[in-house]
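A.B. asks: The lines below spell out each chain.
2 protein chains.
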Amino acid sequence: MSKAHHRKKRPEAVRRQVLAVAARLSLEKGPASVTLDAVSQAAGVSKGGLLHHFPNKLSLLDGLFDDLTQDLDRVLAERMQVDPEPKGRFTRAYIATFFQPEGLEDGDRWKVLTVALISEPHLRDRWREWFDRHLVENIGTDSSLDATLARYAVDGLWLDDLLGVSVIDTAMRATLLKRLLDMSRL
Amino acid sequence: MSKAHHRKKRPEAVRRQVLAVAARLSLEKGPASVTLDAVSQAAGVSKGGLLHHFPNKLSLLDGLFDDLTQDLDRVLAERMQVDPEPKGRFTRAYIATFFQPEGLEDGDRWKVLTVALISEPHLRDRWREWFDRHLVENIGTDSSLDATLARYAVDGLWLDDLLGVSVIDTAMRATLLKRLLDMSRL
DNA sequence: GACAGAAAACCGTCCAGACGGTATGTTTTT
DNA sequence: AAAAACATACCGTCTGGACGGTTTTCTGTC
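Taken in sequence, the protein lines are chains A and B.
Going by this note's numbering, 82 is the number at position 82 of the first sequence; the sequence numbering is gapless.
Going by this note's numbering, 114 is the number at position 114 of the second sequence; the sequence numbering is gapless.
Any given hint might turn out to be false.
Stated by the list, open to error - What the simulated footprint calls covered on chain B by chain A, stretch by stretch (three residues with Cβ under 8 Å from a Cβ of chain A suffice, anywhere in the stretch; the number is not a length):
1. 19 to 31
2. 47 to 56
3. 112 to 119
4. 125 to 138
5. 160 to 166
To be verified - Residues from chain A that face chain B, not an exhaustive set, calculated with beta carbons under 7 Å:
6. Phe98
7. Pro121
8. Arg128
9. Ala153
10. Asp155
11. Gly156
12. Leu186
Honestly, the hints are just simulated from the structure, not real lab data.
For every residue, glycine included, the Cβ atom is placed at its ideal position computed from N, Cα and C.
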């Protein structure tokens, strides 16, 4: 008999809120803390309400994965469009996306993706598909050893940031960024 | 009244077996599958027996972490001892340890460590300590941009291997290895 | 070396709470 | 009026862990 029932219904906003909460919980308190109860409560929705949008937990995780990969696709495509040079175009977009100074805003989203990927074996398969697709699309322009090395380095830095052991200072970070961008053109 | 009670008691073997099972489960079926029931059953011990060695779940995870980091310490130290050149010594040991061809034997151990690290926020703090300690010890010899870049690249490749999206072929892998080792000396 | 006692290494059972999910109702939107 | 968007209540199972019992191993003493 609470008044929550009477509030305006905005399914899209609720859905986004639920996904955002799930992402935040996963990153801050670990994937084990992402329970239907915890998510629904933190999102200000009843569990029934949550289960209306996502019929089960797996679909919630899949929804999070879809949301993140769609964002990632969009960001990468945008960056590639404004890059006039074909060679290493994908690698540069990759670098620009994941090599963030200390950007808390967008950067966290990809961290969430990594956490979800590693903790949920089911999502690893889906990631593999995503990865293969992008790899095939950009073969020829981004398959050089240097480009591959650059992307690996970005992943490594990304991982260190995620684990909070990143020790590289701002100046060195900038130098590294230049180095990696140069490598994408070789 | 089963005969399991009567078998020979070998605490160390049981302890190792428990940790091995926990590691395997975490890697293959995700960290969520690492329950006291599942681990004890797969290890051939009763849950009571498991809880005798590890009084609670947290201590089990900590035990796994300790086991892995001790191994890692040992492996790194061994490789560093046989390296005559001081500059980049740690980085080369790091590369040799984590840059494995397709080695399933030891390589999986570090994968387990990553999975545990990412899924358990508590272990991230412990990892941070470990990392800082090694960083301080090898500052001066392994702080160059190239060495740092090389280590990042190894991490990236390691992550891709873990996620099963490693696409680099054997020949390119060998070339990359040489490149990274060269970079450690700059 | 024998033997008693203490300690360690297990096993089996039970429980309180958490978790994912169902079923059904109520309100709002279409 | 129908459907979508919620809420509330409830259930079966799983999970971490407590507890007491049983068997083996260790330890000191003679």
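A.B. asks: Each hint should be assessed against the structure and marked as holding or not.
C.D. replies: Outcome of the hint check:
Coverage of the segment 19 to 31 of chain B by chain A holds [criterion: at least 3 residues with CB-CB distance below 8 Å; count 4]. Counting residues of the segment 47 to 56 of chain B whose CB lies closer than 8 Å to any CB of chain A gives 0, which falls below the minimum of 3, so the coverage claim is violated. Interface restraint, the segment 112 to 119 of chain B with chain A: holds (5 residues with C-beta to C-beta distance below 8 Å; minimum three). Requiring three or more residues with a Cβ within less than 8 Å of a Cβ of chain A, the coverage given for the segment 125 to 138 of chain B holds, as 5 such residues are present.
Chain A is given as covering the segment 160 to 166 of chain B, and this holds because 5 residues of the stretch bring a CB closer than 8 Å to a CB of that chain, at least three being needed. Taking 7 Å as the C-beta cut-off, the interface hint given for Phe98 (chain A) is violated, the closest approach to chain B being about 10 Å. The criterion of a C-beta within 7 Å of any C-beta in chain B is met by Pro121 (chain A), whose closest approach is roughly 5 Å, and the hint holds. Because the smallest distance between the Cβ of Arg128 (chain A) and any Cβ of chain B comes to about 5 Å, under 7 Å, the interface hint for this residue holds.
Hint on Ala153 (chain A) holds. Least Cβ distance to chain B is approximately 4 Å, under the 7 Å limit. The interface hint given for Asp155 (chain A) holds, since its Cβ lies 3 Å from the closest Cβ of chain B, which is under the 7 Å cut-off. For Gly156 (chain A), the interface hint holds, the least distance from its beta-carbon to any beta-carbon of chain B being 3 Å, beneath 7 Å. Taking 7 Å as the C-beta cut-off, the interface hint given for Leu186 (chain A) is violated, the closest approach to chain B being about 12 Å.
The structure shown violates the earlier hints numbered 2, 6, 12.
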